[in-house]
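Q: Protein sequence lines correspond, in order, to chains A and B.
Numbering follows my numbering, in which position 87 of the first sequence is assigned residue number 112; successive positions increment by one, without gaps.
Numbering follows my numbering, in which position 75 of the second sequence is assigned residue number 100; successive positions increment by one, without gaps.
Careful, some of the hints might be misleading.
A pair holds if it fits inside one copy or across any two, identical chains being indistinguishable in the list.
[As the list claims (entries may be wrong)] List time: in silico PhoX-like cross-link candidates among lysine-lysine, alpha-carbon distance up to 25 Å:
#1 Lys134 <-> Lys147
#2 Lys60 <-> Lys147
#3 Lys121 <-> Lys150
#4 Lys121 <-> Lys78
#5 Lys150 <-> Lys61
#6 Lys134 <-> Lys61
Hints are computed from structural coordinates only; laboratory data are not their basis.
There are 2 protein chains.
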Amino acid sequence: MAEIQNMTKAEWQVMRIIWTLGQATGKEVIDILEKKTTWKTATIKTLIIRLQKKNFLVADESNRPYVYKPLIAENDAIHESVNDLFDSLCCMKKGKAIGDLIDNSDISKSDIDDLISQLQIKREKAPDEVECDCLEASL
Amino acid sequence: MAEIQNMTKAEWQVMRIIWTLGQATGKEVIDILEKKTTWKTATIKTLIIRLQKKNFLVADESNRPYVYKPLIAENDAIHESVNDLFDSLCCMKKGKAIGDLIDNSDISKSDIDDLISQLQIKREKAPDEVECDCLEASL
DNA sequence: TAATAAAGATTACATTTGTAAACGAAGGAC
DNA sequence: GTCCTTCGTTTACAAATGTAATCTTTATTA
Chain A
26 MAEIQNMTKA EWQVMRIIWT LGQATGKEVI DILEKKTTWK TATIKTLIIR LQKKNFLVAD
86 ESNRPYVYKP LIAENDAIHE SVNDLFDSLC CMKKGKAIGD LIDNSDISKS DIDDLISQLQ
146 IKREKAPDEV ECDCLEASL
Chain B
26 MAEIQNMTKA EWQVMRIIWT LGQATGKEVI DILEKKTTWK TATIKTLIIR LQKKNFLVAD
86 ESNRPYVYKP LIAENDAIHE SVNDLFDSLC CMKKGKAIGD LIDNSDISKS DIDDLISQLQ
146 IKREKAPDEV ECDCLEASL
């Protein structure tokens, strides 16, 4: 039970809108995504339906048009997907990968401050070396 | 030309081995992955073939057994895939997402030091706020 | 050199994903 | 109340992916 499926990139775009608005009708999602993408209405409808099947969205059907609400918090979804990707990286490379992300992301001063203090604390117990695990049995 | 395809998670496991070894025969890859996974030999062979078709691997066929070599550097592949994921996140959330990754990754002291100084430099020009772009046309 | 083992190539098939058209039901306009 | 327009549901279909068996060629060994 509690089928863990994953969200595709296309589905993710739909979720972003609903997360940001808190909830949304199909039309709201469609209007926004037709500006952001080249997708047809029908495509977006399909994505909404798939998100419901995957239990990422639920429709409030008490009124029409239906109002869709997220069943997963944006932060949780981000946590899942980012860590899922990092799980498949060589653990020796993760530090540099994070550096690469920092390079390529806009981050606010206050977030930067948080990251710096987080790193300072982490540093105390950090190992001198992280060993590559690419050839080991585990996955 | 220069078809940009992406590496699936399964394919990524194959590449990790070849990156780590520098190059490898099919048998080497198979031996390692049969320990790490439940995949059958045939499955792993398929993955190797697909990686060749996608131009991530090339086989040196001058001798048998063939020796497979990467056509993309591990760091470049990591760069591609992490940034590709981050591209679809709400830009306001990226700082916290990085914090989450730091929490969940083992990072060596020296990598942490590098990250801290990188952040200190970045801080100078960092904005006070990063605006959410989830509803904007752009993608 | 005939038999066997190993390595590589071909084929297979279900599921997921991208992308969308067509169809049916509800609500609004006349 | 009938007609049109939304909105939601069903169906469609190709490409990618996970997962693997089988066939063929090369190498090894008796």
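Q: For Lys60 and Lys147, with the copy left unspecified, which applies at a CA distance of at most 25 Å: within, between, both, or neither?
A: neither (43 Å within a copy, 32 Å between copies)
Q: Up to 25 Å between alpha-carbons, please classify Lys121 paired with Lys150: within, between, both or neither.
A: both (18 Å within a copy, 21 Å between copies)
Q: Measure nothing new, just compare the shortest in-copy and cross-copy C-alpha distances for Lys134 and Lys61 to 25 Å and report within, between, both or neither.
A: neither (28 Å within a copy, 42 Å between copies)
Q: With identical chains, the pair Lys150 and Lys61 could be close in the same copy or across copies; at 25 Å between alpha carbons, which is it: within, between, both, or neither?
A: neither (44 Å within a copy, 29 Å between copies)
Q: My question is about Lys134 and Lys147: at a cut-off of 25 Å on alpha-carbon distance, are they close within one copy, between copies, both, or neither?
A: both (20 Å within a copy, 9 Å between copies)
Q: Given a CA cutoff of 25 Å, do Lys121 and Lys78 count as a within-copy pair, a between-copy pair, both, or neither?
A: neither (37 Å within a copy, 29 Å between copies)
Consistency note: the structure conflicts with the earlier hints numbered 2, 4, 5, 6.
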